[in-house]
Amino acid sequence: MSTYVYGITAGSHSSLPEELAGVGDPARPLRTVEGGGLTAIVSDAPEGLRPKRRDLLAHQTVLSEAGAGGSVLPMRFGSLAPDDDAVAQVLQERAEHYRERLAALDGRVEYNIKATHNEEAVLYRVMSENPELRALAESNRRSGGGSHEDKLRLGEMVAQAVQRLESTDADEVRRQLEPAAEAVSPGPDSTGWLANVSFLVPRDGSARFVEAVDEVRKNNPHLELRVNGPLPPYSFVEPGPAEPARTPSGTVAAEE
Amino acid sequence: MSVVPAQQSGGGGGSSGLYDVLELVLDRGLVIDAFVRVSLVGIEILKIDVRVVVASVDTYLRFAEACNRLDLESGPNKSTGLPELVGEMTESGARGKSKGALSGAAQTISDAFSQARDEGRGEESRSESRPRARRAPARKKEESE
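Residue numbers (the numbering used here), protein chains in the order written: chain L, 1 to 256; chain W, 1001 to 1145.
What the hints contain is simulated information worked out from the structure, not anything from laboratory work.
Check before you lean on any hint, since a few could be wrong.
What the hints assert, rightly or not - If you only want the chain L side, here are some residues facing chain W, beta carbon under 7 Å, derived:
{"no.": "1", "residue": "Met-1"}
{"no.": "2", "residue": "Pro-46"}
{"no.": "3", "residue": "Leu-49"}
{"no.": "4", "residue": "Gln-60"}
{"no.": "5", "residue": "Leu-73"}
{"no.": "6", "residue": "Leu-80"}
{"no.": "7", "residue": "Leu-102"}
{"no.": "8", "residue": "Asp-106"}
{"no.": "9", "residue": "Asn-112"}
{"no.": "10", "residue": "Lys-151"}
{"no.": "11", "residue": "Glu-156"}
{"no.": "12", "residue": "Arg-226"}
{"no.": "13", "residue": "Asn-228"}
For every residue, glycine included, the Cβ atom is placed at its ideal position computed from N, Cα and C.
Let the hints inform the model, and build the full structure from the sequences given.
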């Protein structure tokens, strides 16, 4: 039976919380595998494991709980080793590297931010800033909505203005939150967000980061920010805090 | 267990907050080449609705429709939810660094938008929680004055 691997912790990592359920149905009990002075959190791998929501959540919960007790390198979901011995061997062979990563991420958590526009507020803002659009909308309205072409023309101009704002706001969100984080990592490519960014934050700096998010919200009522954290540092395990928070690509720190 | 500030999850619906995390579980995290990964075909996670603006005829028509519903000439008397909205926008205009001051024209537009908001309320289930939360204090303030 193959071995499901959740994450890697330092050898000194304290014991796992009792009753923590692993992946599978019924949930497989957790155990640890040691090697090279490190400890891997593992369980049996259920036959035919699929990325079902329950299993993804089990993976996430195990790592969150384990991370509360010390630094953990979270594995990506679905990592299977042939057996426990193979896990121990990997730990031994790469102990130095993993120890370095664990030290680098010690006491740090990930916060993921996703931003969307409040469409209503954005239209409002776009119209208020653009007399040409207002005139066009007014002209359409006077002629009972305008022709199909009129509508398309207005709609296209509005859409372009909103898209420009999406791009500006994406940069803004990142720029305004960077100072409260140690590292930044773009989130996985997914649609639906104008910004999807993860930040590496010291645990004891979490309050400051959350305050910074609130500040962005307050200053940008047309933005809706979704905050998820503290999370295991998924986005910073490899090669770690790669990018210093102060060197964003293409954005220049503007004076406040 | 050292739990740092209250877990923050999502900004609106709890279920999509879940999605936000699962996405990271699936796409980020340590990968070890000596291990294999389970197939990700047929992922059973929540789908999200696309809200970023996509250039398409549908989008254009939708925006045009939203704009056409605006009555740019009508005064504040036409809308009930107005004072709150104007107050909110004026406030944010003053706070925001680069928002610029709202002109009179912009305020007139706000009338129209608040009207559009009322009309479109039924469709706006996702984005409602925050605006509503923001309006609540303003309302309270008015009552106390």
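Verification of the supplied hints:
1. Met-1: violated, 14 Å
2. Pro-46: violated, 10 Å
3. Leu-49: Hint holds; L:Leu-49 Cβ to chain W Cβ min 5 Å, cut 7 Å.
4. Gln-60: It holds, given that the least Cβ distance between L:Gln-60 and chain W is near 5 Å, below 7 Å.
5. Leu-73: Holds, because the Cβ-Cβ distance from L:Leu-73 to chain W comes to roughly 5 Å (cut-off 7 Å).
6. Leu-80: holds, 5 Å
7. Leu-102: violated, 11 Å
8. Asp-106: violated, 13 Å
9. Asn-112: holds, 6 Å
10. Lys-151: holds, 4 Å
11. Glu-156: Nearest chain W Cβ about 5 Å off; hint holds.
12. Arg-226: holds, 4 Å
13. Asn-228: holds, 5 Å
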